[in-house]
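Participant: Given next are the chains, with one letter for each unit.
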Amino acid sequence: MVGVALGIAAIAATLAMAAGCVLPERARVVWVGILTAASATAGGVAGIAVLAGSARFTANYPDLLPLGGIRIEFDALSAIFTVAAALVAVPASIYGIGYGLHGPSSRPVQVAYPLLVWSLMMVPAAGNVTGLVVLWELMAISSLILVLAEHQHNPEARTAAQWYAVVTHLSLLAIVVALLILAHGAGGESFAAMRSGAGRLGPGVTSVVFLLALLGFGAKAGVVPVHVWLPRAHPEAPSHVSALMSGAMVKLGIYGVVRVGWDLLGGGPGWWGAVVLIVGLASAMFGILHALLASDLKRLLAYSTTENVGLIFIGIGAAGLFASTGNRPLAAVALAAALLHVINHAAFKGLLFLGAGSIHSATGTRDLDSLGGLARRMPVTAATFAVGALAIAALPPLNGFVSEWLLLQSLVHSLPSKAVAVAVAMPVAVAVVALVGGLVAATFVKAFGTAFLAMPRSVEAEQAHESPRTMQIGLVALAGMCVALALAPTVLAEPLRRATVAVAGLSSGRPIHTNGVYLQLSGIQAGLSPLLLATGLGVMMVVALAVVRRRRVHHTVRDIPAWGCGRTLQTARMEYTATSFAEPLQRVFDDVLHPEIDVDVDHRTESRHYIEAIRYRRQTRDAFEQRLYLPLLGVVRRAGDAARRVQNGSIHRYLTFSLITLIVVLIAAR
Amino acid sequence: MSLTGTAVALLQVVLTIAAAPFLVGVMRLIRARLEGRVGPPIVQPWRDLRKLLGKDRMVSDNTGWVFSIAPLVLLASATLVAGIVPFLSTKSALDQVGDLFAVVYLLLLGTVFLSLAGLDAGTAFGGMGSSRAMTITAIAEPTVLVAIFALSVSTGSSNLGSIVAATLAHPATAASPESLLAFAALAVVTIAETGRIPVDNPNTHLELTMIHEAMVLEYSGPDLALIELAAHLRLVVFLGLLSNLFVPWGIATTAQPLQLLGAAVAVAVKIVVLAAVIAIVEVFMAKVRLFRVPELLAASFVLAFLAVTASFFLA
Chain G
26 MVGVALGIAA IAATLAMAAG CVLPERARVV WVGILTAASA TAGGVAGIAV
76 LAGSARFTAN YPDLLPLGGI RIEFDALSAI FTVAAALVAV PASIYGIGYG
126 LHGPSSRPVQ VAYPLLVWSL MMVPAAGNVT GLVVLWELMA ISSLILVLAE
176 HQHNPEARTA AQWYAVVTHL SLLAIVVALL ILAHGAGGES FAAMRSGAGR
226 LGPGVTSVVF LLALLGFGAK AGVVPVHVWL PRAHPEAPSH VSALMSGAMV
276 KLGIYGVVRV GWDLLGGGPG WWGAVVLIVG LASAMFGILH ALLASDLKRL
326 LAYSTTENVG LIFIGIGAAG LFASTGNRPL AAVALAAALL HVINHAAFKG
376 LLFLGAGSIH SATGTRDLDS LGGLARRMPV TAATFAVGAL AIAALPPLNG
426 FVSEWLLLQS LVHSLPSKAV AVAVAMPVAV AVVALVGGLV AATFVKAFGT
476 AFLAMPRSVE AEQAHESPRT MQIGLVALAG MCVALALAPT VLAEPLRRAT
526 VAVAGLSSGR PIHTNGVYLQ LSGIQAGLSP LLLATGLGVM MVVALAVVRR
576 RRVHHTVRDI PAWGCGRTLQ TARMEYTATS FAEPLQRVFD DVLHPEIDVD
626 VDHRTESRHY IEAIRYRRQT RDAFEQRLYL PLLGVVRRAG DAARRVQNGS
676 IHRYLTFSLI TLIVVLIAAR
Chain H
3 MSLTGTAVAL LQVVLTIAAA PFLVGVMRLI RARLEGRVGP PIVQPWRDLR
53 KLLGKDRMVS DNTGWVFSIA PLVLLASATL VAGIVPFLST KSALDQVGDL
103 FAVVYLLLLG TVFLSLAGLD AGTAFGGMGS SRAMTITAIA EPTVLVAIFA
153 LSVSTGSSNL GSIVAATLAH PATAASPESL LAFAALAVVT IAETGRIPVD
203 NPNTHLELTM IHEAMVLEYS GPDLALIELA AHLRLVVFLG LLSNLFVPWG
253 IATTAQPLQL LGAAVAVAVK IVVLAAVIAI VEVFMAKVRL FRVPELLAAS
303 FVLAFLAVTA SFFLA
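For the protein sequence lines, the chains are G and H, in the order given.
To convert a position in the first sequence, counted from 1, into my numbering, add 25.
To convert a position in the second sequence, counted from 1, into my numbering, add 2.
Everything labelled a hint here was simulated from the structure, so no lab data went into it.
Owing to the predicted nature of the structure, the values given are computational and were not obtained by experimental measurement.
Accuracy of the hints is not assured; some may be wrong.
Footprint (simulated), chain H over chain G, 3 or more residues, beta carbon under 8 Å [stated by the list, open to error]:
(1) 62 to 74
(2) 343 to 357
(3) 454 to 466
(4) 553 to 560
A few chain H residues that don't get close to chain G, going by computed Cβ distances all over 10 Å [said to hold, decoys possible]:
(5) Ala171
(6) Ala189
(7) Thr196
Backbone N, C-alpha and C fix where the C-beta goes; we use that ideal spot for every residue, glycine too.
All chains should be modelled from the sequences, with the hints used to inform the complete structure.
Facilitator: In structure tokens:
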């Protein structure tokens, strides 16, 4: 069953690529969308089958590639990530039909897209080093092509792709080195051999492998300080690709860390968990602060991805820390929280990126400061984006709340503990999660409020229309997923148990219990029923509405202009913008963010006391980019300049170099 | 979800809704008397609500569905919380439905919708109020969650019923350092979240200082009635949480009518005492500048953090 589904996924993806290659433009977009959606559905079915209890699927193709061939090992942990990828890919592919008909429809884009979707689903299924590296690279290259999709009229896309290409390949290097050391020490490059042989490596070597893997996979996950490519590359890709990159691709970095650190290596000392936890805390804070100040909608979403990956890392790090102190059941709860957030984040971040894409294709801008009033013009986009915004802000009764609640439960119940590290780290972690939660709410009130509510701030926003039907289907499907995941997380209790059991270094029993509607945790006296919370809210709203309706004698609704404090003219220029909405919080976090603020005042020529125009610009630069990467690039450039002195193009000089080399080689070889 | 539990939850909801406007009336009366005024009768908030409910609905022509459903969501979230928080009995049916974290995030849901509604009309005041409300809420969040952390360490659960039951079983914990510190931290947050002096002034309509009133400026008639009622209800919920989490005595541990009656009287007395303290302090205090509010909240965060560390190091 699993094998058949994976086979169908591969065939459908191949057909989609062929369709992208040979068909004429309109048909190409339609068929690529349909076939990719089919491929993703098949992949999702395979994942769901494993999560529902089918035996894990293994296959071996030793002749497919030189070196080690390709092994497939598809267990419950892989399945979680494959399902997360499929969850975004199916709606994104359907959305891509409507999106591609008015946007990126060139051959390279339409061929790279199915390849990206398929490799996203298959990376977690790889069961040996060669397979993982090949699939990983397919994913990196296809996504790189897609980032470049709009490079002709968007120079930003080119620099973004440069950053992305460099970071992704350096990260690949780290991953390959880590896995080779591990494979060499363990005496085999299949995951099974590595798992059983990892004990032969010394503790020092294991830690080196772990840190290299954390660096390499962390770069793909977009955590601080190796996140710099993410807020550049994700916004520049076409929106359904951004949804895939943020919803699914970054998750594979998380998969890598869990798989290598706590499955293949079988877990390690407590400081591994502490390092992951600290990286997570830093990423969550850094990501949300930048998202808060961003006024480019897609950039905001990209930074929020760094924040969400930070939350997932907090869960994984906490799990590692708990496991090392011997509290396995709590470690399983933390890991389950992280894995549930992987799926939830795929649903709502995919939804939000698709929503941003609809806005972009309707108005031609991603700048929140020139949007507004779209709720009336694009009702479906507005309603679905609202669902995504409420979900990402972890508000009940939506799905983000469930995983955040699980995460908080696992952090809070770590005390009382004998370990001082836990006692110090956990209050800090809870505080960061809480502050991040509050700032996310502010960020998405800003994003939804300025994009969809009030009056339009530009002509483009005023003339916006709802997007084509296929794009709406994609949006509604993902919004439906968010609601379904919110109301019935109890269904995921058993799959999450299977996935946590698959992680050798963290597994223990059953993290989440359920008796139908209630979620309960093992060893923790706490309960939650998202379904009943939603029902309660619904009932209260209906009762309140009924009371208002009954009391109203006249039943009239009068449309009146908004209160302008005596002014009769209300224009969009008087509204709060995204920039002004975030201003109080920007002041609060001034010392952390150091935003650059320019105020230009133009005076009238007749007198300095009369002002013609005031321009206000605020820019927040990435501190890591400024302090870490640009100096590093400067060093590389200076080294290149120095090397140029040796290379002056003179043939005589090169002949001399050859002669000297020859002599050195002869002496050395003697 | 037992039948008696459901009855207790419903009773809590009905009683808190009935009592909330009276509490506001009492606070206004205390302030008035201390300021040398006669003051309105304590039923005045109820009369205001009745008057508002009878009026036409006036809706700004810029607004959409968010503006229309925000009062409903705000009131629904507050009433749901009133059913979850153990006011009368630890046996509320909603106790297992949501814990303290759920309560906090439900209240945040109301704030978020009100902030969105503030932006919807497209006026400068609405945006100003929304932006400020979200700022204060975001910064208050760490204090709340870390204080909950401190409370749940000693009892081993974040469920309200369990925390209250644990304090009843071990009365000494109510006077422990972590409990007192957490109380102080949550008290500051209560002031901030319910929009009282020194963070916000519920009576002001002075343009540049208001937060809550700026957000609801566009509302009138029945919608305003819902928002006012929700604001009253949130005040009761916060004060009820503060009193019953830290001083739970009097609360019923069963669902017997006589015990429930006693519990209602006990919680009413506790809430009125807290409200009176707030009202008296408000008379002698001025509102602080908006950008000093984060400092206040940071101080409350330090208290909450100390509460958690105390629970570890003094255990």
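Participant: Now look at each hint and say whether the structure bears it out.
Facilitator: Now for the hints, and whether the structure bears them out:
Counting residues of the stretch 62 to 74 of chain G whose C-beta sits closer than 8 Å to any C-beta of chain H gives 0, which falls short of three, so the coverage hint is violated. Check result for the stretch 343 to 357 of chain G against chain H: violated, 0 residues qualifying (beta carbon to beta carbon below 8 Å, three or more required). With 10 residues bearing a CB less than 8 Å from a CB of chain H, the stretch 454 to 466 of chain G meets the requirement of three and the coverage assertion stands. Only when three residues or more bring their CB closer than 8 Å to a CB of chain H does the claim for the stretch 553 to 560 of chain G stand; here the count is 4, and the claim holds.
No beta-carbon of chain G is positioned within 10 Å of the beta-carbon of Ala171/H; the least distance is around 14 Å. In this structure Ala189/H is separated from chain G by more than 10 Å, as the shortest Cβ-Cβ distance comes to about 18 Å. Every CB of chain G lies more than 10 Å from the CB of Thr196/H, the least distance being 17 Å, so the non-interface label holds.
Checked against the numbered hints above, the structure violates hints 1, 2; every other hint is satisfied.
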